[in-house]
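Trainee: Listed below are the residues making up each chain.
4 protein chains.
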Amino acid sequence: MYSTHVGTSSTDAITIYGHDLCNELIGKASLTDLIFLGAQNRLPQESESKMLNALMLGVAEHGFTPSSLAARLTWLGAPEATQAAVAAGLLGAGSVYLGAMELTTKMLADGFAAHPEASLEEIATAIADKYEETGERLPGFGHPVHRPVDPRTVRWYELAEQWGVLGQYGRLLTAVHAEVEKRRGKPITLNGAGTFGGLLGDLGFGWQTVRTIVTAARAVGLVGHIAEEASRGTRDSTAQQLYMHVQDNTDYQA
Amino acid sequence: MYSTHVGTSSTDAITIYGHDLCNELIGKASLTDLIFLGAQNRLPQESESKMLNALMLGVAEHGFTPSSLAARLTWLGAPEATQAAVAAGLLGAGSVYLGAMELTTKMLADGFAAHPEASLEEIATAIADKYEETGERLPGFGHPVHRPVDPRTVRWYELAEQWGVLGQYGRLLTAVHAEVEKRRGKPITLNGAGTFGGLLGDLGFGWQTVRTIVTAARAVGLVGHIAEEASRGTRDSTAQQLYMHVQDNTDYQA
Amino acid sequence: MYSTHVGTSSTDAITIYGHDLCNELIGKASLTDLIFLGAQNRLPQESESKMLNALMLGVAEHGFTPSSLAARLTWLGAPEATQAAVAAGLLGAGSVYLGAMELTTKMLADGFAAHPEASLEEIATAIADKYEETGERLPGFGHPVHRPVDPRTVRWYELAEQWGVLGQYGRLLTAVHAEVEKRRGKPITLNGAGTFGGLLGDLGFGWQTVRTIVTAARAVGLVGHIAEEASRGTRDSTAQQLYMHVQDNTDYQA
Amino acid sequence: MYSTHVGTSSTDAITIYGHDLCNELIGKASLTDLIFLGAQNRLPQESESKMLNALMLGVAEHGFTPSSLAARLTWLGAPEATQAAVAAGLLGAGSVYLGAMELTTKMLADGFAAHPEASLEEIATAIADKYEETGERLPGFGHPVHRPVDPRTVRWYELAEQWGVLGQYGRLLTAVHAEVEKRRGKPITLNGAGTFGGLLGDLGFGWQTVRTIVTAARAVGLVGHIAEEASRGTRDSTAQQLYMHVQDNTDYQA
Numbered sequence: 001m002y003s004t005h006v007g008t009s010s011t012d013a014i015t016i017y018g019h020d021l022c023n024e025l026i027g028k029a030s031l032t033d034l035i036f037l038g039a040q041n042r043l044p045q046e047s048e049s050k051m052l053n054a055l056m057l058g059v060a061e062h063g064f065t066p067s068s069l070a071a072r073l074t075w076l077g078a079p080e081a082t083q084a085a086v087a088a089g090l091l092g093a094g095s096v097y098l099g100a101m102e103l104t105t106k107m108l109a110d111g112f113a114a115h116p117e118a119s120l121e122e123i124a125t126a127i128a129d130k131y132e133e134t135g136e137r138l139p140g141f142g143h144p145v146h147r148p149v150d151p152r153t154v155r156w157y158e159l160a161e162q163w164g165v166l167g168q169y170g171r172l173l174t175a176v177h178a179e180v181e182k183r184r185g186k187p188i189t190l191n192g193a194g195t196f197g198g199l200l201g202d203l204g205f206g207w208q209t210v211r212t213i214v215t216a217a218r219a220v221g222l223v224g225h226i227a228e229e230a231s232r233g234t235r236d237s238t239a240q241q242l243y244m245h246v247q248d249n250t251d252y253q254a
Numbered sequence: 001m002y003s004t005h006v007g008t009s010s011t012d013a014i015t016i017y018g019h020d021l022c023n024e025l026i027g028k029a030s031l032t033d034l035i036f037l038g039a040q041n042r043l044p045q046e047s048e049s050k051m052l053n054a055l056m057l058g059v060a061e062h063g064f065t066p067s068s069l070a071a072r073l074t075w076l077g078a079p080e081a082t083q084a085a086v087a088a089g090l091l092g093a094g095s096v097y098l099g100a101m102e103l104t105t106k107m108l109a110d111g112f113a114a115h116p117e118a119s120l121e122e123i124a125t126a127i128a129d130k131y132e133e134t135g136e137r138l139p140g141f142g143h144p145v146h147r148p149v150d151p152r153t154v155r156w157y158e159l160a161e162q163w164g165v166l167g168q169y170g171r172l173l174t175a176v177h178a179e180v181e182k183r184r185g186k187p188i189t190l191n192g193a194g195t196f197g198g199l200l201g202d203l204g205f206g207w208q209t210v211r212t213i214v215t216a217a218r219a220v221g222l223v224g225h226i227a228e229e230a231s232r233g234t235r236d237s238t239a240q241q242l243y244m245h246v247q248d249n250t251d252y253q254a
Numbered sequence: 001m002y003s004t005h006v007g008t009s010s011t012d013a014i015t016i017y018g019h020d021l022c023n024e025l026i027g028k029a030s031l032t033d034l035i036f037l038g039a040q041n042r043l044p045q046e047s048e049s050k051m052l053n054a055l056m057l058g059v060a061e062h063g064f065t066p067s068s069l070a071a072r073l074t075w076l077g078a079p080e081a082t083q084a085a086v087a088a089g090l091l092g093a094g095s096v097y098l099g100a101m102e103l104t105t106k107m108l109a110d111g112f113a114a115h116p117e118a119s120l121e122e123i124a125t126a127i128a129d130k131y132e133e134t135g136e137r138l139p140g141f142g143h144p145v146h147r148p149v150d151p152r153t154v155r156w157y158e159l160a161e162q163w164g165v166l167g168q169y170g171r172l173l174t175a176v177h178a179e180v181e182k183r184r185g186k187p188i189t190l191n192g193a194g195t196f197g198g199l200l201g202d203l204g205f206g207w208q209t210v211r212t213i214v215t216a217a218r219a220v221g222l223v224g225h226i227a228e229e230a231s232r233g234t235r236d237s238t239a240q241q242l243y244m245h246v247q248d249n250t251d252y253q254a
Numbered sequence: 001m002y003s004t005h006v007g008t009s010s011t012d013a014i015t016i017y018g019h020d021l022c023n024e025l026i027g028k029a030s031l032t033d034l035i036f037l038g039a040q041n042r043l044p045q046e047s048e049s050k051m052l053n054a055l056m057l058g059v060a061e062h063g064f065t066p067s068s069l070a071a072r073l074t075w076l077g078a079p080e081a082t083q084a085a086v087a088a089g090l091l092g093a094g095s096v097y098l099g100a101m102e103l104t105t106k107m108l109a110d111g112f113a114a115h116p117e118a119s120l121e122e123i124a125t126a127i128a129d130k131y132e133e134t135g136e137r138l139p140g141f142g143h144p145v146h147r148p149v150d151p152r153t154v155r156w157y158e159l160a161e162q163w164g165v166l167g168q169y170g171r172l173l174t175a176v177h178a179e180v181e182k183r184r185g186k187p188i189t190l191n192g193a194g195t196f197g198g199l200l201g202d203l204g205f206g207w208q209t210v211r212t213i214v215t216a217a218r219a220v221g222l223v224g225h226i227a228e229e230a231s232r233g234t235r236d237s238t239a240q241q242l243y244m245h246v247q248d249n250t251d252y253q254a
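Chains as they are written, first to last, in our numbering: chain B, 1 to 254; chain Y, 1 to 254; chain L, 1 to 254; chain X, 1 to 254.
Chain B extracted, bound-state conformation:
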């Protein structure tokens, strides 16, 4: 016997996480509320729903990235199987670009767990000490383009404050940021990836869920990339152009 709280359906009803899909969710809840239901087994309050949506919207799209280029190149070979292009665009959602998100949530969660009685400043100091000792890189800081400020960080914190969903995770992250800048003696960007991880923590998500949430957001973003390629046709697609460019500019060295 298997069990799940995800969903079931009968002749005249579909039930998802304990809610009647047609009467309680469709038309009332937002698509991203499903994630709240799935990971936390309750519908979000309106402020939580808006914040999760704001966070996911902010990471869904980044223009031409290795990920969206992989999706487009896949589409070029299999335009009849667009689900494969979407999937290909998600597969690179690994440690390099997205690792910082879940690592930030984890860093904060571990900090709270290790110092249950301490102030945020004390935990921040302990975190900075720990990373200094191990030599590991603190997740969530620095950005190749957005320096010294990542505009998403500012906006997300502003909204979290405004909507009353800024909590201990976001505040601890701010304290870590301050501690890091103090030690460095110069500004460093608290980046969007780190803020995403921190504020998801305030919404109650465990670090293990962070990567799947950003992966889902990216899937939404990829729709536009594939639509753009489809509107141009294979011959005039970015993928074809890119392939031709590589063909014409490759030095073959046995």
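A hint or two may mislead.
Each pair may be met inside one copy or between any two copies, as identical chains are not told apart.
What the hints assert, rightly or not - Calculated lysine to aspartate or glutamate pairs in the EDC-like style (CA-CA distance at most 16 Å, straight line):
(1) Lys182 / Glu161
(2) Lys182 / Asp129
(3) Lys182 / Asp236
(4) Lys50 / Glu161
(5) Lys50 / Glu117
(6) Lys50 / Glu24
(7) Lys28 / Glu117
(8) Lys28 / Glu158
(9) Lys50 / Asp251
(10) Lys28 / Glu46
(11) Lys28 / Glu48
(12) Lys50 / Glu132
(13) Lys106 / Glu80
(14) Lys50 / Asp129
(15) Lys50 / Glu179
(16) Lys106 / Glu136
(17) Lys106 / Glu48
(18) Lys182 / Glu122
(19) Lys130 / Glu179
(20) Lys186 / Asp110
(21) Lys106 / Asp251
(22) Lys106 / Glu46
(23) Lys182 / Glu121
Worth flagging that the hints you see were computed from the coordinates, not collected in a lab.
Keeping the supplied structure of chain B fixed, place chains Y, L and X upon it in accordance with the hints.
Mentor: Showing chains Y, L and X alone in chain B's frame:
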């Protein structure tokens, strides 16, 4: 030189489809509005935004399906790479379960294109004739469980009417439904897949985009499946249970 | 109760397609023989084994292609999950580049089925007539680079002849080639994709298996691409270079 | 300017890793030799070629596994895009089932690097000490079914010896095995995964390449699974049967 309308970023701004991500989208638009922007290059009106969200929410989650089982089985082998589990869960989004969606949009679009001056009833008759001639199966009708009525169909039409976004696609689909029932002499379900395809048509999406939209919705739904597995751990996961069941119940025939 | 002829294992033995893996296969059979076992439920004769290997080797690697670039771009984001990079590189194995392979096998199989008593020349004529009527493109002919001769075609036919595995499929394909050139009045390349599909037919494979065989061959080829990227590191990888190139050469048009 | 040693093609030749595909590889090399070329930039000697083939053949197929079930479930939804089914079957090739392979190669490589002058027994002791200290699990030992002996281990060592390709990696692994059994005071299986990783080391492959090699072998194995499903049709497929079983045996708990 490549070109895209998807997005770009500079030191202090991220621009997506012509909108400043932080100031014009985050906190104002919903995640699914990105799809509207991507496929139609404009933000949806509120009613369109709500309808797209309602449609995607209705197809995001179906409990234990071949797709969500594939995601869970993939997670079992690679719990550290959850993007791969999400991707695996999307790869089966092919002709069998989801084909009817895009085919319905296409059937309706082709009907309008072939009979630009005809009434909806005339187009419906022509469509039914055409499928009868070729022997091909009309997409969008019949359901193994939801008989004679798919509850999503009812709900979506109700909302589309209420929000003023029911248009020619949805109406033509109703006419085709009536025509099919007349010819069969008994009720047949206008299913959720067909209705999804029809109402996306009314929101202005071309049939080529339909599959990527449902694929993105599914990615959101898969977050909960992977979270459920993760909360149980590999040993007690549904995937492990399923694997054990197959191990114990397989007859090997060389 | 499930059943399979694929394989099973006990405490001291692993059985695959009726053969003891350790004593009858490892050290005796080649990796690609598994495909023969899987699709035809018997081990190939030596000539068949060599031919299948020669065919797969010939389609495993094509240098920088949309597929291998997608694999490399995926690796760039998730170098810790190389299975995802391999998978991404396979997902574009769709209609555009590989469709011709299975379509050629199918074209030939359909020809034999429709004209069981006819000579190869008569079937070839019937096939050419049929495609002319429907206006569909004959699969297996033409090549953007290898004109008028695809070197793989020549080599594969030579080996098939030499090893005694050239049969009715390969011969009918030659007859179709002759018929097409006669109608066009000028040479056209019988390409590697078509020949691959034809000669797989002579080895007894149904057209439905053709795509998975080439997909498996590609997986083998992708190992070298990922190894090359890994040997350079993310910073100096082709994927990173490609991404930078796109970043620097994109015109954003809202 | 990009550069690669993988391959290139001109009007009348295809060159792969410095070898003319048609004249030097097809008909002479085996498919798996490509992997040697790709990772080590030279063709293997005959003994190396045979050993790599024997290793890959031994890990290509394991009957019904989470991976092959994911491939079959994906095929059920998208039988027209079999490349997606193959890819889905590869995506679970992560830490749980395959991690031990690359970790074994790495453990041995790290052992040699840390103790360049030591005897195999001394290195084995140092390795066992190190894992005992950190409490981490030694990779390559133990098996749920094959106890106390994994038949593949025996066979592969036998062949490696016979073909003259047993080297320092394989011998160190044997020494580690002896050391571990001595410390435990009872037998433990040196499993196939560990042996695979060890003997690949003797063939000159770095640990970073190990996972892609087994992934490619699995792709070959999946051809048979998909062929079996296709031969039964969607309705009678294992995937459909499995899905029905889950449908009928799920307890939904909101």
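Trainee: So, for every hint listed, does it hold in this structure?
Mentor: Comparing the hints with the structure gives:
1. Taking identical chains as interchangeable, the C-alpha atoms of Lys182 and Glu161 are never at most 16 Å apart, the minima being 24 Å within one chain and 58 Å between chains.
2. For the homomeric pair Lys182 and Asp129, the shortest alpha-carbon distance inside one copy (13 Å) is at most 16 Å, but the shortest distance between copies (41 Å) is not.
3. With identical chains, the CA atoms of Lys182 and Asp236 are never at most 16 Å apart, being 51 Å at best within one copy and 33 Å at best between copies.
4. Taking the closest pair of Cα atoms, Lys50 and Glu161 come within 16 Å of each other only inside a single copy of the chain (12 Å); across copies the shortest separation is 26 Å, beyond that limit.
5. Proximity of Lys50 and Glu117 under a CA criterion of 16 Å is satisfied in neither setting, with 31 Å inside one chain copy and 45 Å between copies.
6. For a Cα distance limit of 16 Å, the shortest separation of Lys50 from Glu24 across copies, 15 Å, qualifies, whereas the shortest one inside one copy, 18 Å, does not.
7. Within a single copy, Lys28 and Glu117 get their C-alpha atoms no closer than 40 Å, and across copies no closer than 38 Å, so neither meets the 16 Å cut-off.
8. Taking CA atoms no more than 16 Å apart as the test, Lys28 paired with Glu158 passes between copies only; the shortest distance there is 13 Å, against 26 Å inside one copy.
9. In the homo-oligomer, the alpha carbons of Lys50 and Asp251 never lie at most 16 Å apart, since the shortest distance is 50 Å inside one protomer and 32 Å across protomers.
10. In this assembly of identical chains, the alpha carbons of Lys28 and Glu46 lie at most 16 Å apart whether taken from the same copy (11 Å) or from different copies (14 Å).
11. For the identical chains of this complex, Lys28 and Glu48 are neighbours both inside a copy (15 Å) and across copies (14 Å), given an alpha-carbon limit of 16 Å.
12. In this homomeric assembly, Lys50 and Glu132 never come within 16 Å of each other (Cα to Cα): the closest approach is 36 Å inside a single copy and 48 Å across copies.
13. Within a single copy, Lys106 and Glu80 get their C-alpha atoms only as close as 40 Å, which misses the 16 Å cut-off; across copies the closest is 14 Å, which meets it.
14. For the homomeric pair Lys50 and Asp129, neither the shortest alpha-carbon distance inside one copy (35 Å) nor that between copies (48 Å) is at most 16 Å.
15. Proximity of Lys50 and Glu179 under a CA criterion of 16 Å is satisfied in neither setting, with 30 Å inside one chain copy and 43 Å between copies.
16. In this assembly of identical chains, Lys106 and Glu136 lie within 16 Å of each other by CA distance solely inside one copy; the values are 14 Å within and 21 Å between copies.
17. Taking identical chains as interchangeable, the C-alpha atoms of Lys106 and Glu48 are never at most 16 Å apart, the minima being 20 Å within one chain and 38 Å between chains.
18. For the identical chains of this complex, Lys182 and Glu122 are intra-copy neighbours only, at 14 Å inside a copy versus 47 Å across copies, given an alpha-carbon limit of 16 Å.
19. Taking the shortest alpha-carbon separations for Lys130 and Glu179, only the intra-copy value of 13 Å comes in at or below 16 Å, while the best inter-copy value is 35 Å.
20. For a Cα distance limit of 16 Å, the shortest separation of Lys186 from Asp110 qualifies neither inside one copy, at 26 Å, nor across copies, at 38 Å.
21. For the identical chains of this complex, Lys106 and Asp251 are neighbours neither inside a copy (44 Å) nor across copies (33 Å), given an alpha-carbon limit of 16 Å.
22. Neither within a single protomer nor between protomers do Lys106 and Glu46 lie at most 16 Å apart by alpha-carbon distance, with minima of 26 Å and 37 Å respectively.
23. For the identical chains of this complex, Lys182 and Glu121 are intra-copy neighbours only, at 12 Å inside a copy versus 50 Å across copies, given an alpha-carbon limit of 16 Å.
The structure does not agree with the numbered hints 1, 3, 5, 7, 9, 12, 14, 15, 17, 20, 21 and 22 stated previously, though it agrees with the rest.
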